[in-house]
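A.B. asks: Go by the hints and put chain L onto chain B.
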Amino acid sequence: MTTTLRQDRAAAGTPPGPRRPRGAGRPSWFTYLVLAVTVLVAVFPFYWMFVVASNDSSAVNDVPPALVPGGNFLDHMSEVFARVPFGRALANSFMVATCVATGQVFFSALAGYAFAKLRFHGRNLLFVLVIGTMMVPLQLGVVPQFLLINELGWVNDLRALIVPGIVTAFGVFWMRQAIDNAVPDELVQAAAVDGAGTFRTFWSIVLPSIRPAAAVLGLFAFMFAWNDFFWPLIVLNSPRSFTVQVALRQLQSQAYVTDYGVQMAGIVIATVPLLLVFVLPGRQIVGGIMEGALKS
Amino acid sequence: MPTGTGAGALRRRLPGRTVPYLYIAPFFVVFGVFGLFPIVYTGWVSLHEWNPIGTHAWLGLRNYTDLMADPRFWNATVNTFSIWIISTVPQLAVALVLAAVLNGPMLRLRTGFRMAVLVPNITSVVAVGIIFTQLFGRDFGLVNWLFDTVGLDRVDWPAGRLSSHLAIASMVMWRWTGYNALIYLAAMQSIPRSLYEVAELDGAGRVRQFLHITVPQLRPTIIFTVIVSTIGGLQVFAEPLVFGGQAGTDGGQSRQFQTLTLFLYEQGFRDLDFGYASAIAWALFVMILVLSVVNYRLSRRISTG
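Chains as they are written, first to last, in my numbering: chain B, 3 to 298; chain L, 764 to 1068.
Same shape as in the complex, but just chain B (with noise of 0.2 Å):
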């Protein structure tokens, strides 16, 4: 992507960078420092995270420290598995980010089509509210939310942790705005006049158009459910519905003696898969939160 980039400003004749509002002019020493330092900081946990997954578990006790990857990642990841109930925990968080991602996306698009292109009383007020809601700290209900879920029968269930995530006041605001800026008025009200009614139109003009945006909130709600972990806490207690932040906790909790190479193991698993998810369309997932912080 940089190179094509680079290409077509040697072939324009511009000179790289500055279309900057601040001076035009190279970045400063300042600049590469702060940037250098920044890298360093984000990616070195990482990086650590793998050092320790891979050397012999004596090895993060030896001083000095080891520096370098090791040979012994394989071994701790059988123990991972071993340890608790690893796979089926994956494949647990694997169901619920699914799920949760699938939902959000429909439920949101279509509450934010509604806001966004038909006519009804309080609109306004009802839209006004959706956005007041995000406010609210849903993380101290949880006490009658989990009498609740116990009434349900959703204990240990993976329903618990789909059901409540299947549609949120962020999802519904960014669908509103997608759909507001990707969906003419004209060709909402062409549809009507064609006969189809508001589905129709919802399910075969505006879903389509709204594609890239639809893209970014399943990530994000894919994500979100992926590392969730207060309420899966509350609300799984046996190891066969643990997801993976829940089974990474127990890892952590249950071992007589701390041992950070099988812990870190667990980590490399649970997380790489995320990491993949992310920078393969990390370019949009960034603009759209930057899109995101600008319309609210």
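These aren't lab readings, by the way, just hints derived from the structure by calculation. Errors might be hidden in some of the hints.
[As the list claims (entries may be wrong)] Per label pair, the in silico range of CB-to-CB distance:
#1 L:Val-1053 - B:Ala-184: 51 to 59 Å
#2 B:Met-137 - L:Val-852: 16 to 24 Å
#3 B:Ile-207 - L:Ser-953: 42 to 50 Å
#4 B:Ala-184 - L:Val-782: 47 to 55 Å
#5 L:Trp-807 - B:Asn-239: 34 to 42 Å
#6 L:Pro-955 - B:Trp-31: 42 to 50 Å
#7 B:Leu-42 - L:Leu-785: 47 to 55 Å
[Stated by the list, open to error] Per the computed footprint, the stretches of chain B lying under chain L, defined by three or more beta-carbons under 8 Å from a beta-carbon of chain L, are:
#8 42-56
#9 110-116
#10 127-136
From the three backbone atoms N, C-alpha and C, an ideal C-beta is built for every residue, glycine too.
C.D. replies: Okay, now just chain L, sitting in the frame of chain B:
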């Protein structure tokens, strides 16, 4: 749905009136059932001695008077605010500088850097907790090894109150600084260039431009991030839990880093005293509410004054 020929015409006119409500209903149902109702019902539970298996006995305000007299509650309150301040203030300051740098002239790899600052944010809090617990270990932690190497005294990070708060705050900072930097960066890009051009003509340097144009222009965004960090920061839970290892629920041997949410979890889901846990939840809720109002008032005074 009514059927038949007479209803056909009715149905055609109906969509404009009821269908939109159907489309937005899922959100309000889910929020009502799993969000609003539980928060309100927490107040009801907090007025009882509420055991998940046994009986519910009316206590009136007893849980609250007990809470006010409970040193563990005040300990957790102090810890929560301490960790919140230590993590939020430097975090937002660093994010601001980072955003300014990312917004400045940069030769290439612009997107690469933006992704790099965001990677910590997509890492799970449990993973971050375990990694940092190792880094801040007393005997074999990398931080103490570094301290040794440069001739500083080793620190028993989890044992001390302030040192454990620093370690926990560093986890929060590591995860959220980049995210906030991206939000600031987005807002910076909508500041009109002309402001900077005028300042440059006046001979203002980069630092002066940053302090006198960028920061004031970002005020609404800064207020937004302060409010969001307050709501999140006062509910810190997983970082201290993981940092405490096996005794995580206590927040350390002498509760030196037990936060309010951790205290809530301990009372409610380890000791199964739902009534008391609910009282803690409401107390925390009130604190968050008060701080949000203070934030809002303060920001209004600043922006009008």
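A.B. asks: Take the hints in turn and mark each one as holding or not.
C.D. replies: Right, here's what the structure says about each hint:
no.	hint	verdict
1	L:Val-1053 - B:Ala-184: 51 to 59 Å	41 Å, violated
2	B:Met-137 - L:Val-852: 16 to 24 Å	21 Å, holds
3	B:Ile-207 - L:Ser-953: 42 to 50 Å	31 Å, violated
4	B:Ala-184 - L:Val-782: 47 to 55 Å	21 Å, violated
5	L:Trp-807 - B:Asn-239: 34 to 42 Å	25 Å, violated
6	L:Pro-955 - B:Trp-31: 42 to 50 Å	28 Å, violated
7	B:Leu-42 - L:Leu-785: 47 to 55 Å	52 Å, holds
8	42-56	holds (count 8)
9	110-116	holds (count 5)
10	127-136	holds (count 3)
Violated hints, in rising order: 1, 3, 4, 5, 6; the structure is consistent with all others.
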